[in-house]
Structure formats: C-alpha cells, structure tokens
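Novice: Spelled out from the first residue to the last, the chains are:
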Amino acid sequence: MTQSLSIKDANEAVASVAYRLCETVSIYPITPSSPMAEHCDEWSSQGKPNLWGVVPEVTQMQSEGGVAGAVHGALLGGTLTTTFTASQGLLLMIPNMYKIAGELLPFCMHVTARSLATQGLSIFGDHSDVMACRQTGFAMLASNSVQEAHDLAAVAHAATLKCRVPFMHFFDGFRTSHEINTYQPLPEELLKDLMDEKAISDFRKRGMSPDDPFIHGTAQNPHVYFQGREACNPFYHALPESVTCAMKKLGEVTGRHYSLVDYSGAPDADRVVVVMGSGAETCEQAAAWLNQYGEKVGVIKIRLYRPFPLEAFLDAIPATCKSIAVLDRTKEPGCLGEPLYQDVITALAQANERREIKVIGGRYGLGSKEFSPAMAKAVFDNLKAKEPKAGFTVGIIDDVTNTSLPIDEDFDLESPEVFRAVFFGLGSDGTVGANKNSIKIIGEETDNYAQAYFVYDSKKSGAMTVSHLRFGPKPIQAPYLIKNARFVGCHQWQFMRQYDLLKYAAENAVFLLNSPYGPEKVWDHLPREVQETMIRKNIQLYSIDAYQVAKQAGMGGRTNTIMQTCFFAISGILPKDEAIAQIKKAIQKTYGKKGESIVKKNFDAVDAAVANLYEIPLSASPTSDDLIPATVANAAPDFVKNITAVMMRGEGDRLPVSAIPVDGCWPTDTARWEKRNIATEIPIWDPEICIQCGKCAMICPHATIRAKYYPEDAAADAPESFRSTSFRSRNNPGNLFTIQVAPEDCTGCGLCVTICPAKDKANPRRKAINMESHEENVARERENYDFFLDLPAPPRAELSLTVKDSQLREPLFEYSGACAGCGETPYLKLLSQLFGDRLIIANATGCSSIYGGNLPTTPYAKNADGRGPVWANSLFEDNAEFGYGLRLATDRKAVIAKHFLKRCSTELGDNLVREILHAPQQTEEQIFAQRDRVSVVRNRLKTVNSPDARALLDLADFLVKKSVWCVGGDGWAYDIGFGGLDHVLACGRNVNILVLDTEVYSNTGGQSSKSTPLAAVAKFAAGGKATPKKDLGMIAMGYGNVFVASVAMGAKDSQVVQAMAEAESYDGPSLIIAYSHCIAHGYNLNFGPEQQKKAVASGHWPLYRYDPRRTFTGEPALKLDSPAPKIPLREYIENEVRYRMLMNSEPDRAAELLRQAQERVQEKSARYQLLASAGADNTEEN
Amino acid sequence: MNLKTTYLGFELPHPFVVGASPIAAKLDRVRQAEDAGAAALVMNSLFEEQILHHEAGLAEHVYSHEESYAEATSYFPSPEDFHLGPDEYLERIREIKQAVDIPVIASLNGTNLGTWMEYAKYMEEAGADALELNLYYQPRSDEETCEQVEGGLIEIVEKVRQSVKLPLAVKLSPFFSSLPCFVKQVEEKGANAVVLFNRFYQPDIDIENLEAVPSLKLSDSSELLLRLRWLAILAGRTQLNLAVTGGVHTHEDAVKAVMAGADAIQLVSTLLRNGLPQITKLRRELAQWMEEREYESLAQMKGSMSYQHAPNPEAIERANYLRILQSWDVQD
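Chains as they are written, first to last, in the working numbering: chain A, 1 to 1182; chain B, 10001 to 10332.
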C-alpha cells in the first residue's frame, strides 16, 4: 500500500504512537526524552483523542520515581499507560519496574537511551541506563532509526497487551531521538489492528475494583515467594511469539519486515558484529561496503534484547561464521565483558553450539561519542587479525590501557548521490530552525529522502550550532556525523578564526560564508591557514553580508532565511524560483502564527539574499598574513593549554585517555582563559556621572563588571584610556575608584545599564554606564581590564555588608556560560564574593550545574592565595543530602583536626592550641585571624615528623570555618529533591540552601514545577497552571529553627546581601529562595529587575527573613522586608509571555486563574503580616 | 422627548455612544453598557504598532532562544494557539456581537497602508457594524511635508473605503492646518462620519528619576470647547455625520455638542469616572432639559448653534479668542 512520508525526529514519531495507544500518561522531564512528554502534554491540552476517541490524561509527577509509582497505580487500576524517560530518571524507576513486571502488567515505556552520571554527567546517548534495567523483568526492544522507533513503538504496545510482560522500548538518545529523518507513519487502521481488543478487555477486567475485589502486593513468606517468582515463566516463554506476531502484522501492511534478531550482510560471512541501536545501521553500511570489495562480513541486529531470543539469535548466525565481535554501548567496570557480550557468550554456551566461533567484546559510542563507518570497519578489521584485540574500545585513543582500535580516518563509504551539507551558526541566528525548514522542503517537495541532525554547544549564550543535513534518492541510514561535505555554510564570520570548519569540506566543495566584508575584501580578511586549505581543496567560495541584509529587512541578527536562500540558490537542489517559493511557504507556515510582520521581514530578506550573494575567486596562493591566534593566552596553565584549549577548539575527540582526569576531578578557574567575545556592544563606564553604588556590578550575570578602590599611586602606570575617579568614602579617603568591563567576557546583556540609577543631568539618556560598540572598544578595554585585574584588591577587613562594598570584593564565579541576562548567576557571584574563599558548593543538576560545571571551561575561580569555591554535582534528586554529607565531612574533619591539634600541643604551644580551639569565627576578620593561626601551626610543624603532626597537617585547614551551600533550582528544591531538602532542614545542621527559583525547569526547556505560579503557562502546563505555587518558605518556617529568606535582587539588592550574610552566620539550616528571572519567562531580560520589583510590589514575591535567633530577644522571627501588595498582580504578570500566552489563547480561563491568583496573593500577604506581627509573648505562651 | 439621531446609517434612540475605551475589553461591561441604554459601542482601537512591537519582542526575546541548546530547543509549549496579529481583537468583535444588540463599531489604528486595508476587511468579516479609523499619526522626520502627511491619511481613508462596505467614521486630531478642507477630502473619499477629536497619551516627566512617563488623564468639560468650535464650523458644510468625543460630562455639555452640530456623543471619561449608569442619567437629564425648554426633538436642536445658524458666528472665530486672552491680564 502507498503511504505518505513524514519528516520528524524519533521523539515525535514515537510519541505519536504512544499517545494514541494509551489512556493515561505520567511524565517528568529528562533529556533527551522530554520532547515526547511535551508532545503528549500539548496534544492532550489540545484535546487530541487517542485511538479510541478519548483524550489521554497527561500528568506530571515530582520525579521519575513518582512517575513509576503513578504508572504502577494506573496499570493496576486497569488503564493503558505510558511514560518516557532516560538515564538517572530510568534508574529512579527501577524499584517499581520490578513491581510492574512482577505483577505482569502490560505497559510500554519509551526510553531515549542515555549515559549515566559517573565520573561526570553526560546528557548524551549510550546504553548505560537501559542496561541497568535488564534484570527488572521488563522486555526490552531496541530500535535503530527513526522509522524503526516509530514502528517498534507500536509493536511493543501491541506485544505487551498480548503477553502481559511490560516493555521498555529504547532507542539512542540524541542520535535517534533527535535525528530528523523521512519515515512512513503507521496508518491508524494498522494500530487498531495491532491492539488486541480482547486483551484490552481482559486487562481492564483485571484492574482493581471494589466491585470485584482482589489483593495485590501481599507479603510472601519463604514457603511461597520462590514459587511465585517462577510462576511468571510461561509468560516470558510466550513473549517472543507476541512480538513476532506484531512484527509480522506490521510487515504485511507496511512492507517493513522486522524479526527478533535480524541479520544483514554476506550469507557466507566469516566475521559478524552483534550490536543494538543506531550503531547497527552504521555497521550494516560498513559491512555492505566491505562485502563489495570481496570481504565476507555481516551484522546481527538484536531487536528483542530481553528476554534474550536464544533461538532467533542462533538462527541469525551464518553457518560460515568464524568470529564475532559484540559491540556494547555501555561500560561495566570490572566485568569480564559488557552485557551484550556476556549474553552472546552465554547464548552460545547454553546452546552448546558453534563452539568454534571466537567471540570478543568491545565498547563504542559512550556519551554519544561518534561511531562512524570507519570505526565499524575497524571492528571488522580487528576480527581479521590473527589475535583480535578483546575488550577493545573504538572511537577513542586509549593510550593508558591500550584498548582502542586504530581507525582509518580517510575511510568514507558514503555514496556520491547523497548530498551532504554542514552548517555552522549561533543559536540566536536561527540556523537550526532554517535547516529544519530546508530539510522539510527537500523531503516533502522533492523526491529526495532527507535527514538532519544537530549538534549543540553546552553554552547557553553565544552557543554554536552545527547542522548536518543529508538528502538523496534512497532512504538515508547514516546515524553519524558528516565528513567530506559537498556544502559547508559558515553563518558567523568569527568562527573562521576559532574552529577548523574546512575539515568538514570535501575537495571542490562549496563554502558559503557570512562575511561583514564586501566581495572584494572578504578573501583578504580570511586567516592565512584558511586560505591555504581553501586553495588546496579547491573550494568554491561564496560570500554574503547577511548581517547587512538582515538589518535592512528589519530582522536584527536573524540571518537564518538569508543563508537558507543562499544555500538553495547555490546548491541547485531545486530551481531557484521554486526554492524561493518553497522557502516562503515554509516561512509562512513557521511564522504565520507568530505574526505577519515577521513573515514579511523574512520574505524581504529572502528576496534580498540572492542579489547580495557573490562568488569569491580564490587567489593562486595565500594573500593573508593574518594567522589564527592561539586558543588561549600563553600565560594559561599547561592543563588549560594542552587539554582545555583542545576542547575549546572543538577537537576534544582527539584527546587521549591519558589526558583526562581519572576520577572526574578537574581544575577550577578555567573560564578566564576562554575569551569568547560574543557581545556586539559592551558597557563603558563614565566616572563623571557614576555615584559608585555598585549596582551594575551586583546585577552583572557574568562578573564582567568589576569595581575596585585603590591607592592613587597604584594607578601610576595606568594605560592612557584607563578611567578612574576619587573614591567616595569617609573611611577610605584619598583612594581612586574604577568600574571596569571585561570586554571579551561580557555577553552584552545590558542589565548593568538598565539598573544604573545615575543619569547625566543634561542628557538623562546617558547613564554612568553605557553600551558602546564592542569592535571599537575591545582592544582598549582589554588593556584596561588587564591593568585593572593587577590593581591591589581593597582589603576585605575594611569592607562592610553594603551592596557597594559587596561588589568591591573579588568575585570567584566569573564568565559562566549562562544565558545573557541570567537571573540566577548574580546570586552565585555574590555568594562567591562574600564567602568564596571558604565556600563548599553541592550543586543540583540543572542550569546552575551546566553553567557551573560544563566543560571545557568552568566559572568557579580562585583568589590570589589559591583559595576559591570547591564545587561538585552529585545528582538532581539528592543534592540536599549530598551537601549534608559534605557538611558532615567538613565538621568531622574539623573534629579530627582538633583532636590532633591537642595532641600536638607540646610542639605548638598551649596558647596557640587554646586560641585555635576557642577562637570565634563569626566575622571575616575572625576567620582571617584563625587562618593566620593555622599558618603558624603549619610553620611550626614543618620540622616535626610525627604521625600526629602529619595527620594535623592534612586537616589543619578545616580548623578554619567552611561555608557549605546546597545550590539548585526549583525543579530540585520543590519537586524531585524536596524530600531530601526537607530532611536536611529538619536535621538542624549548618547547611545553607540557595534555591535559584525560576519557577520552571529551565534547563530542560521550561517545564512546570511546583514552584510554577497559578495561571502561568509552562510545558506540562500548556493550559495554564491551575494550582498555586508551593510556599516552600512557609514550610521551612514551620520547623522554627530554620533560617528562611525570600529575596529578589532586582527588587532589593541590599536585602539579598543581608540575607546571605545572616544565613551563613546562622549555626543551623538556612534556606534562601531567590527570585531568578529567566528566558523561560518570555520577555526582554533587560527588564528582569523591573519585573522583580513588580513581583514584589504585587505581593507575588514577598521579601522576608525568618531568623530563629530573633526569638531569643523576644522579637518575631519573621521580618518582612517588603510592604503589603501595592499593585495588582496583573500589572506584574501581563509583561511576561508565560502568562500572556493564556490571556491570548484562553482569555476567560486566564481571567479566572488570575482572579484566583490575586486572591491567593492577598491571603498570603495577610498570613505573612500576621506572622511578622506575632509577638514573642505569644510564641512563649505556645 | 424624541432624542433620536442617525449616526453611520444607524437610527439611534439617543446620541449617547460608548466611545473607544477599555469598556469594550470586558464582555460583562459591554453588557452593562447596553443595559444602561448605550446607543452604540465603539471598541478600543486595535493598534498595529502594538502588534508589531509584540511580534518583534517575541522574535527577539522568545524565539531567538529556540534551537540553541541540546537540552532545550524551546522554552514554551508549542505556540499553536498563541495567536498574534489581530486575531484576539477579531475574536472580541465576534463575542461582543453575540453578546449585545446595539451597533458595534470597531476601531483601527494601522501603521502600514496594507494593514489598514487588511485589518479593516477582517473586522468586517468578524461582524463589526461599522468602522472607526483612528487616524493618529505622529510625524518624526523633518523631511516629511504636510502634504505627504495629509495625503497619506487621505489615502488610508480611500483604500479602506475600497476594501470594505462598512459605514466608516474617521477619528481626527485637532491639529490640521485646514480642518474643513481635510474633512472635505475625507468625505470625497467615501467616509460617512468624522469624530472630533482624538485625545492622546502625552508624556509627563518624572523630575526625580529623569524619565518620560506616559500618561492619559480623564477629560473634563473644559475640553469640550475646542470640539464645539470645530463642530460648529463643520456642521452644515459637510454631509458627514459628526460625532464628538472628549469633554462631554454633563447633560449641559451634551446640549452644547448637539447645538454645535453633533449627531452622536461619545462618552468615555465620564463613564470611567461615574460608571455605566451615567449613560442612563445623561439621557434622562438631556430629555428633561429639553422638555423644560419645550424642544420638540433632538433634530430640532441639532446644529442650532453652528457657525451657519448661531446668531453671533464671529464668536466662533479666532478674533474672539484673542479678545478673551487679552482680558486675562495679570491682576495687580
């Protein structure tokens, strides 16, 4: 039968099946599975029915553990259910997976297979997570491509109904989940046919009902538990038949035939690779290529992995096979072989057949490590060797245990009929969106099949995107990155000096360059190395000043449609006019709902693009003397130069195992070496206008505005353009003061300018800090900034706890990869300024762990003494407990240090020991004094060689107070980590908790959390959140012994400083909930502080500090730092897209939710007023 | 008392119409207005500039974050239902039309000629009974001539007239070198009424924070005088209906407006200040005032004090204005 084609990624292709085949969906966001849950939530809120005409109910839970519980209940209750997850989320489901399997509940979950957090976190794909579930009793079905994921999703749902064993359907995270490819959607009739109505009826009848009561989950004693465990065996025996049956039915209708195990390759192969997932496609291609050249190789693709299909597997092995390499996309340290390898060994042993076959195992593709045909070939080549390397790795250089196989880097098997194109852009220029459109145009409007895969940077501002596009006359099975592209598009000029983009280009390839220079000048402006490579590869160079064209069309920095038009114009995939018509059609479709003016601007840009596109002739030899500069400054530490810089250039794949820390412990203070220069405008200080309030430095998310005062003579050698003015201070007269921008690190967000209160009286448009051209100022300001950094820092002992003085302290959190204008990072910067030299941070997974700890460079820095924040991320769900553990360790080390201190009193002197043991450490001055005493200890013990002295030297630093902070977002604190957070608060230990509250899961794309306010739209709350935000502060205050503060820097910065200082000084648990504006709120973040003011003024975000110490003096513990609501809530919320979406789409519902939210604000305000006015007398009476 | 009047082809029971204001933003207010006896309702203006601003903001601050980062390729649910452009406004026209029986006059302020025509058409399709073109335009360039500005405004009237069949009112500002000439051109291009005059958001200055602060204060009766003069000058010279807006707060104000030539009286400030029952009150008081003075009908009174009929037309002219100013000398 003929079926229409669709072009989507596997997440959508799978979700479209799962959604239609279930009645309830429980969800929780986790990369890379979140889009499946998001699709289901959106479809449900749009009222889209399932296969049986009923709209499935989609419910978000607080964690994957919660999802698993809800799924279990929904299943035992008798409803068809699904969920989506990956990685740690899947691990959290394991306890319930045993239950669901043990109770034979038909269920199918879809997993985007992803790495697990081990020595580091990886959001990318491998099979570590699914392999950790192979013992749960779930059937496991693997898909290798978008089409397969779509098809086998249906097979899994059908089979589970029939055989009652729950299924985990999995496919590779990112490589398959996020790959866009042409596929044939399954017809609705087939889905109906696959889902056995009787099985559904039986399942429903088994569902728990008081009308027909039974009992589940009994406690079983030794006399029956074992038998009960074995009772399920027949169902597992029958399972393969259920899968085969569904596959067969699907094959009959679609012509796509699947088996439990599929073989591909030479029928008389002597060498075979056994593999699961997208790597199977790569191996299959490599095998086909090798067979063309006379080799005899084949690939066994395991589809049903659990229960392991022994017979099907044995049947799939060619009779001629002499050796097998089993590829596992996971790592099990210390094992004899990874899971699939062990299964193959066991299968052959158990069958007692084919003993002559040599079987070796190897690992590939961990954390989405590229697995190319060259690597697959290396695996086949290895089997050819007399003594094939066993326990090998492929795709890396292992120079430590020498497991890696050599790769033929030049091997390329791709057919010339496949058009390969690679595009480099910035996230903000829309390159990926345009390429998604292009691939749809090509896939839908031509006879071509199409594939697209996108690689993103880990930075959230100024992030590079790489788009890999293929299309050709046959279905594209190429789950690997493109090399030897026929077309390379560089959409950002600066990349030419930062990355080797030409390595992607084939000989004679077209290179399209967005250049700010005109056609006559562009060639001469290219670096010499680039010119050399272009000449050597005989590149056809085209150039356009897309910035200029975009500007003229009123599109700002969005050059996407311009570059897309150029691509079509040059590549000739479609006749030019037709291509332009199709681009416009796509623009209309994409932007139609976003506004006619956007459509028109894009149309104008398309029309102007071709007229401004030029072919640039290459000179016979290079003309440029401009060489590509070193990635990092020469002054950088060796580690940064040799390792970090390689990653920064996008060449981390080349780093050998020996270059990588063995235990995930990396040096801090590396962001300073990554000069990204992503701003187009930077702030320049005007000392004449400045009132020296420090607000600009305080709000700067990237610590690129610095303030210092210093003696006049320190500026004697200042660069000519260095600005300074007299420092306004009664305590420190005679000093100079400077505000200086870090011009190469600034993201150009402009928050500093927005918040600056000082205006030029003659021209109030001009403030004490003003945005000016980066290009014109960067060289001068670089020199100024270098000089500024070398100026002496103000003595900390002289600094008070005002906003101004807080910003005179050195930030030890700088130049992070957070979004431009981020609302979270100013809090962390302040934390590092106040306590950075003694700061221990436990960071929950989320935005703050990504901009805080994503390689290659990290922002936590060190001061001149080498001290600075020490930072670690454990998991998402356990961060409070993790931080608590760090507190335990810190305190215990102090106790042990004191123990040895006492034992060394003879060598150290009683007075010193006594002083150290009894010294107060409340103020910074006292802490510094203690540090000095510890230095004395170190000096005196230098010559003492005793076990006690050695032990004390190891731990002496812990005699100085440390500050332990748990940091994370609301997804952690309100949802997944709440249980632990609550427990840590209840434990009474000195652990400080900083919640960076953006009121959504920001890092995974704005999903609703329990912090999301009533009436706000978020993913998973597409129809507007109908329940109020959890009052976490009030819950914490309920303990009575927890310091609690609610702060909003944009509304009252002085209160933030105060709250942090008080929380740190409180010898007990502290919780600070910090309002953090976020791009997920949907407005110009320049107005972030303004919105924070409104959030406070409306009563949505009351400011307060609840300090249990106040009760000792008879005062109420709660002190409100903001007045009763002064403006209607509407005045605050109507400025943000998250609220406006609902006002726009469902005004009546929005109005009703707003009414409720307003009521809630009044109630909350009254409650807080009451608490704040409650006298200590009442407290005592109670 | 027969207070009937005709405006934009509708026979109204009296001249009091709800003017363009936030009243039309809430359906229950619209119903209350009808219950209070409003003869017709002018919706608040759809400002294309606002839509453009919103679109640009979304493009720069929402869509620009999409497709940038592996874990989050977007930050909001699919914008499937997030309609921009005029959709929300058009939907409101439909709702209001369903909710009330009085004539509903949609109001439009565009920035591009094409949009004026396009949106006007949409409004017609959405069921508006008439259209009020809010011809507010602020020139900013010193290259733009008076002829170009006025020519552009006239072209808008002409093009909109060509694109819709609806009765067309044109709401004007008082700042024309020759208002009668401009109104004449408006009439020639096919408009059915003019509305005198628009009131503007005018920036105030925050002298502490050195910021311009947009403000719009409610009108009072003193603002009526400017309108009375131009109503009086236009009445009888043009066949267009004349509506007054700005400054009618009492029944005496209404009497003056009608005497000067107004066919319809748009009420906003007085309703915002006193509530919608003010319509009932004004209607009652107007009728009572006329009865006491033995007027037969509104029609009898209409235009009685226009330039054409006033016993002392020179008082409507500028000479008189100068004389008054001179009498306002500083008191010793």
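Honestly, the hints are just simulated from the structure, not real lab data. Heads up, some of the hints might be wrong.
Stated by the list, open to error - DSS-like, lysine-lysine: derived pairs with alpha carbons at most 25 angstroms apart:
hint, chain 1, residue 1, chain 2, residue 2
1, A, K296, A, K358
2, B, K10121, A, K585
3, B, K10121, A, K1126
4, B, K10217, B, K10121
5, A, K589, B, K10189
6, A, K1126, B, K10159
7, B, K10159, A, K600
8, A, K248, A, K99
9, B, K10189, A, K584
As the list claims (entries may be wrong) - With the Cβ distance kept under 8 angstroms, some of the chain A side facing chain B (calculated, not the full set):
hint, residue
10, I360
11, G427
12, G433
13, Y456
14, T465
15, S721
16, R723
17, T725
18, G734
19, N1003
20, K1019
21, I1079
22, N1084
23, V1137
Stated by the list, open to error - Just a sample of chain B residues kept apart from chain A, beta carbon distances all over 10 angstroms, derived:
hint, residue
24, S10068
25, G10151
26, E10155
27, F10182
28, L10210
C-beta: ideal position from N, C-alpha, C; glycine also.
Novice: State for each hint whether it applies.
Specialist: Against the structure, the hints:
{"no.": "1", "hint": "A:K296 - A:K358", "result": "16 angstroms, holds"}
{"no.": "2", "hint": "B:K10121 - A:K585", "result": "23 angstroms, holds"}
{"no.": "3", "hint": "B:K10121 - A:K1126", "result": "42 angstroms, violated"}
{"no.": "4", "hint": "B:K10217 - B:K10121", "result": "32 angstroms, violated"}
{"no.": "5", "hint": "A:K589 - B:K10189", "result": "37 angstroms, violated"}
{"no.": "6", "hint": "A:K1126 - B:K10159", "result": "47 angstroms, violated"}
{"no.": "7", "hint": "B:K10159 - A:K600", "result": "20 angstroms, holds"}
{"no.": "8", "hint": "A:K248 - A:K99", "result": "30 angstroms, violated"}
{"no.": "9", "hint": "B:K10189 - A:K584", "result": "35 angstroms, violated"}
{"no.": "10", "hint": "I360", "result": "33 angstroms, violated"}
{"no.": "11", "hint": "G427", "result": "2 angstroms, holds"}
{"no.": "12", "hint": "G433", "result": "5 angstroms, holds"}
{"no.": "13", "hint": "Y456", "result": "4 angstroms, holds"}
{"no.": "14", "hint": "T465", "result": "7 angstroms, holds"}
{"no.": "15", "hint": "S721", "result": "28 angstroms, violated"}
{"no.": "16", "hint": "R723", "result": "23 angstroms, violated"}
{"no.": "17", "hint": "T725", "result": "21 angstroms, violated"}
{"no.": "18", "hint": "G734", "result": "32 angstroms, violated"}
{"no.": "19", "hint": "N1003", "result": "6 angstroms, holds"}
{"no.": "20", "hint": "K1019", "result": "5 angstroms, holds"}
{"no.": "21", "hint": "I1079", "result": "5 angstroms, holds"}
{"no.": "22", "hint": "N1084", "result": "5 angstroms, holds"}
{"no.": "23", "hint": "V1137", "result": "6 angstroms, holds"}
{"no.": "24", "hint": "S10068", "result": "2 angstroms, violated"}
{"no.": "25", "hint": "G10151", "result": "24 angstroms, holds"}
{"no.": "26", "hint": "E10155", "result": "20 angstroms, holds"}
{"no.": "27", "hint": "F10182", "result": "29 angstroms, holds"}
{"no.": "28", "hint": "L10210", "result": "4 angstroms, violated"}
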